[in-house]
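Since the structure of chain H is already known, use the hints to place chain B on it.
Read top to bottom, the protein sequences are chains H and B.
Here our numbering runs 4 ahead of the position in the first sequence, where the first position is 1.
Here our numbering runs 4 ahead of the position in the second sequence, where the first position is 1.
It should be emphasised that the hints constitute simulated quantities derived from the structure, not laboratory data.
Some hints could be false.
[Unchecked claim] Which stretches of chain H does chain B cover? Using the computed rule of at least three CB atoms under 8 Å from a CB of chain B, they are: (1) 13-22; (2) 25-33; (3) 100-114; (4) 141-150; (5) 245-253.
[Unchecked claim] Cut-off 25 Å, straight-line C-alpha distance, at most; resulting in silico cross-link-like pairs (BS3-like, lysine-lysine): (6) H/Lys189 <-> H/Lys224; (7) H/Lys142 <-> B/Lys78; (8) H/Lys202 <-> H/Lys337; (9) B/Lys179 <-> B/Lys224; (10) B/Lys169 <-> B/Lys202; (11) H/Lys26 <-> H/Lys189; (12) H/Lys288 <-> H/Lys78; (13) H/Lys142 <-> B/Lys142; (14) B/Lys288 <-> H/Lys142; (15) B/Lys142 <-> H/Lys78; (16) B/Lys224 <-> B/Lys202; (17) H/Lys288 <-> B/Lys142.
Values in this document were obtained by computation on a predicted structure and should not be read as measured data.
Virtual Cβ for every residue (Gly too), placed ideally from N, Cα, C.
Protein chains: 2
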Amino acid sequence: MTHRIGIGPNLRKSAFYDATIKEGVASFSVYNHMLIPGHFGNPDAEYDRLLNSVAMWDVAAQRQVQLQGADADKLVQYLTPRNLSSTRIGQGRYIPLCDYDGWLINDPVLLKLAEDCYWLSVADSDIHLWAAAIAHEKGWHVRITEPDVSPLAIQGPKAENVTAKLFGEPVRAMKYFGFIETELKGIPLVLARSGWSKQGGFELYLRDSTYGSTLWNIVKDAGSEFGIGPGAPNDTERLESGLLSYGADMRWQTHRANPFEMGLTSLVDIENGHEFIGRTALVKAQQQGIKRKRVGVFIDDHPEPPGHPVALLCDDEPVGFVHEFAFSKRLQKTIGVGLADIARQDELFIHLNEVRHHVRVTDIPFI
Amino acid sequence: MTHRIGIGPNLRKSAFYDATIKEGVASFSVYNHMLIPGHFGNPDAEYDRLLNSVAMWDVAAQRQVQLQGADADKLVQYLTPRNLSSTRIGQGRYIPLCDYDGWLINDPVLLKLAEDCYWLSVADSDIHLWAAAIAHEKGWHVRITEPDVSPLAIQGPKAENVTAKLFGEPVRAMKYFGFIETELKGIPLVLARSGWSKQGGFELYLRDSTYGSTLWNIVKDAGSEFGIGPGAPNDTERLESGLLSYGADMRWQTHRANPFEMGLTSLVDIENGHEFIGRTALVKAQQQGIKRKRVGVFIDDHPEPPGHPVALLCDDEPVGFVHEFAFSKRLQKTIGVGLADIARQDELFIHLNEVRHHVRVTDIPFI
Numbered sequence: 005m006t007h008r009i010g011i012g013p014n015l016r017k018s019a020f021y022d023a024t025i026k027e028g029v030a031s032f033s034v035y036n037h038m039l040i041p042g043h044f045g046n047p048d049a050e051y052d053r054l055l056n057s058v059a060m061w062d063v064a065a066q067r068q069v070q071l072q073g074a075d076a077d078k079l080v081q082y083l084t085p086r087n088l089s090s091t092r093i094g095q096g097r098y099i100p101l102c103d104y105d106g107w108l109i110n111d112p113v114l115l116k117l118a119e120d121c122y123w124l125s126v127a128d129s130d131i132h133l134w135a136a137a138i139a140h141e142k143g144w145h146v147r148i149t150e151p152d153v154s155p156l157a158i159q160g161p162k163a164e165n166v167t168a169k170l171f172g173e174p175v176r177a178m179k180y181f182g183f184i185e186t187e188l189k190g191i192p193l194v195l196a197r198s199g200w201s202k203q204g205g206f207e208l209y210l211r212d213s214t215y216g217s218t219l220w221n222i223v224k225d226a227g228s229e230f231g232i233g234p235g236a237p238n239d240t241e242r243l244e245s246g247l248l249s250y251g252a253d254m255r256w257q258t259h260r261a262n263p264f265e266m267g268l269t270s271l272v273d274i275e276n277g278h279e280f281i282g283r284t285a286l287v288k289a290q291q292q293g294i295k296r297k298r299v300g301v302f303i304d305d306h307p308e309p310p311g312h313p314v315a316l317l318c319d320d321e322p323v324g325f326v327h328e329f330a331f332s333k334r335l336q337k338t339i340g341v342g343l344a345d346i347a348r349q350d351e352l353f354i355h356l357n358e359v360r361h362h363v364r365v366t367d368i369p370f371i
Numbered sequence: 005m006t007h008r009i010g011i012g013p014n015l016r017k018s019a020f021y022d023a024t025i026k027e028g029v030a031s032f033s034v035y036n037h038m039l040i041p042g043h044f045g046n047p048d049a050e051y052d053r054l055l056n057s058v059a060m061w062d063v064a065a066q067r068q069v070q071l072q073g074a075d076a077d078k079l080v081q082y083l084t085p086r087n088l089s090s091t092r093i094g095q096g097r098y099i100p101l102c103d104y105d106g107w108l109i110n111d112p113v114l115l116k117l118a119e120d121c122y123w124l125s126v127a128d129s130d131i132h133l134w135a136a137a138i139a140h141e142k143g144w145h146v147r148i149t150e151p152d153v154s155p156l157a158i159q160g161p162k163a164e165n166v167t168a169k170l171f172g173e174p175v176r177a178m179k180y181f182g183f184i185e186t187e188l189k190g191i192p193l194v195l196a197r198s199g200w201s202k203q204g205g206f207e208l209y210l211r212d213s214t215y216g217s218t219l220w221n222i223v224k225d226a227g228s229e230f231g232i233g234p235g236a237p238n239d240t241e242r243l244e245s246g247l248l249s250y251g252a253d254m255r256w257q258t259h260r261a262n263p264f265e266m267g268l269t270s271l272v273d274i275e276n277g278h279e280f281i282g283r284t285a286l287v288k289a290q291q292q293g294i295k296r297k298r299v300g301v302f303i304d305d306h307p308e309p310p311g312h313p314v315a316l317l318c319d320d321e322p323v324g325f326v327h328e329f330a331f332s333k334r335l336q337k338t339i340g341v342g343l344a345d346i347a348r349q350d351e352l353f354i355h356l357n358e359v360r361h362h363v364r365v366t367d368i369p370f371i
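This is chain H alone, in the form it adopts within the complex (with noise of 0.2 Å):
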C-alpha cells in the first residue's frame, strides 16, 4: 500500500526525527501517538543488514511510563501477574499487564532503576492512563510520568562491537535485559542489552532528547566500520523469531487475548499469590483451561498480506485468526502468527481476494 501520512502536530516526532529524515527514511507508522519509521526504502537490504551485520532503529515510540514513589514497588507488582520479588536494580523484566478480565493490554519491559523507581517500556497503549487511575484510586503515593527518555536501538550480529567500541569492552558481559545508568561523551542514557529482535543487541535510552541527532551520529560512526545502517524494527524477523507484537497478535479493543493464550503462562504467577490485576479472572482461565492458543502457519501460495488479521477456516466455519503475515527468505515459505481453536487445527485454510489458500499450523518461534 503506498499512501501517504499526514505528519501534523497531533502526531509526536521522535527525538531522532531529524536524524531518520536525513537518513531517507521511506515510511512511518504510530506508535503511542508518536512516528516511528517503516523502512528507508529497501526492506530487503534492511533485513539482511540485520540478519548480517548491524542495523540502528529509531525505537522512541517506545515510551517509558515512570512509576516513582514509595509505594511505585507496590503499584507495579499490582499491575502484572508476573511475581517481581526476586528483581534487582539494573534488570529488565517482560511482565505482561492484564485488564481485571485477565485480558492483556500491553507487555513491557520493566526496567528497575531504584528501589523506588520504575520504568515501564510500553507497548501501543496508554498505559499511563491506567497506572495514574490505579495509583490514584488506591492511595498509594507514587507519582506517574512520562520522563524525556528515547530508546535507540542497535540490532544485529555486530550490534556487540559496535556497543563495546562506544561504551567500553565490558559491555560483552552485560546479560539479556540487564541494563546501567551511563554516558556517552556526555549524554546521559541508560544502556541495555535488549532489543525487538533475536539477532542480538543493545538500547540506548536516550535521556535528553535535545541529543537525538548527536546521538545518532555518534552510533552511525561508531558503526560505519560494521556496516550499520537505518533500520525499523522488523515484521519478517519478528515472525521467524516469534516476537509478541502488542496490537498485531492482540489487542484489547479488536481481538482480545489472555496470557495463557498467548504462551505467556510460565508469567503468570498464580501459585505465589501476590495480589494483581485481573487475578481472579485468570485463576478461573486456568482451571478452565484454554480453548484457543497463540500459534504459527505456513501459508500456501505467498499471497500479499492484507494489513489486517484474516479469518481462520476450517470446513468454512471461522476457528481463529490469522493476524500477520509475510514471506520469510530464510526459510523460503510464508510464515504467519495467528490464534486457533486448540481442537481444530486441521485442514485450515484463510480466504483472500476470492482465493483460497492452505493453512499449516507449526510451532513458534520458526527460527
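Okay, now just chain B, sitting in the frame of chain H:
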C-alpha cells in the same frame, strides 16, 4: 511532507476503510490506533466543499467508550468537571476530562443513551483504560466496553438537506448535540446533530461495522444531488472556527494544559460541589488564576507549517507555543492557535528555518 504510511495489522481499519479506498483516499493519519483519512488528493476542493455544499467524512476513529451499569452515572460525573445533573437521554454534551492534577487527558462528546448507559465519543487517548481502572478500584458497577460503533460525518451547509432526504423532514428540528437511536434501510445507527466543524451537519454512528460500505454508498447516493463528496476533518476550517483538537492543541505527554487555560472555564463546575477527578487541583488553579491562555495568532509571511508545535518568542525568550497554523483562504491570512503567557502578548515571533516571523495574538474563533 510525502512519506508513506505503513498499513499493517497494528493499525485498525475503519468500517469505512474499503469505501474510502474506492473514493481515492490519498493520505491517512492515525487516531485511537485506527487509520483516519487525511484528504482525497485535493485539499482545496475539499475545503470549498465543506464550506459551500456538503462533505462526508470517515470519522470512525472517534471511538466510543461505553459505560453501562447501575453506577454509570456516578462514574461519568466523577470523570468530568462539568456538572451533568441536568443531562437528558438523547442529549450530547462536550465534556473535558482531566487527570488528578487537573491536566486535560481528553475532551469527548458524551452521549446519554439511557439512565445506565453512556458513550464517550473520545479524542485520541485510551480513555477505556482510565475509566475501567477507576470504576473497578471504586468498586462501582459499570462495565466498560468499546462497542462496534463507527461515526460517519455529513458536514456543510447542505448536510441538513442530505440528512432530511435520508431520515425525513423532522431531522431539521433536531437541536445541536441532540441524537436519536434509529435505523436506515435496516442499518442500526445513532443519528446526532454534531460534527467537528462549524459548517453544520450530522453524524451517523453506525452500530454494525459490516454495513460500512453500504452506509457510505447510501449517503453518497442521497447526497449526489447536493454535490456531496469525500473529505476529512479539515485543519484550516477548525482553526478558523476555533475548535479544540486534543493531541494538537494540548496533550498530556507533551504540552499539558488545564481547562481554564484552554478557554473551558464555563465547563468546570466547582461551585456546584460535585466530586470529580482533578477537583482539588482545579480549585487551586482557579484561585491562583491562570498565567497562560489559549490564543489565536496571525503569522506574517505565510510560512510552510512544520507539522509540530513551534515556540512563541518575546525578546527571544519562550513565552508559549503555536501548536498549529495554516493559510486561511477566507481570511487571506496565516492563522493558528497556541498557548501564550498572558502578560506578554505583544511583539511576538516564531522562528522557522532560520527565518523570524512576526506573530500577532487575536481572539478565537477567527470567523
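Structure-based check of each hint:
1. 13-22: Coverage by chain B holds for the stretch 13-22 of chain H (5 residues, Cβ < 8 Å).
2. 25-33: holds (count 5)
3. 100-114: holds (count 3)
4. 141-150: holds (count 3)
5. 245-253: holds (count 3)
6. H/Lys189 <-> H/Lys224: holds, 15 Å
7. H/Lys142 <-> B/Lys78: holds, 18 Å
8. H/Lys202 <-> H/Lys337: Between H/Lys202 and H/Lys337 the Cα gap is close to 19 Å, so the pair holds against 25 Å.
9. B/Lys179 <-> B/Lys224: holds, 24 Å
10. B/Lys169 <-> B/Lys202: holds, 21 Å
11. H/Lys26 <-> H/Lys189: Distance ~22 Å between H/Lys26 and H/Lys189 Cα, so the pair holds.
12. H/Lys288 <-> H/Lys78: Distance ~24 Å between H/Lys288 and H/Lys78 Cα, so the pair holds.
13. H/Lys142 <-> B/Lys142: Roughly 9 Å between the alpha carbons, so the hint for H/Lys142 and B/Lys142 holds.
14. B/Lys288 <-> H/Lys142: Roughly 23 Å between the alpha carbons, so the hint for B/Lys288 and H/Lys142 holds.
15. B/Lys142 <-> H/Lys78: holds, 18 Å
16. B/Lys224 <-> B/Lys202: Distance of about 21 Å is within 25 Å: holds.
17. H/Lys288 <-> B/Lys142: Holds, at roughly 23 Å.
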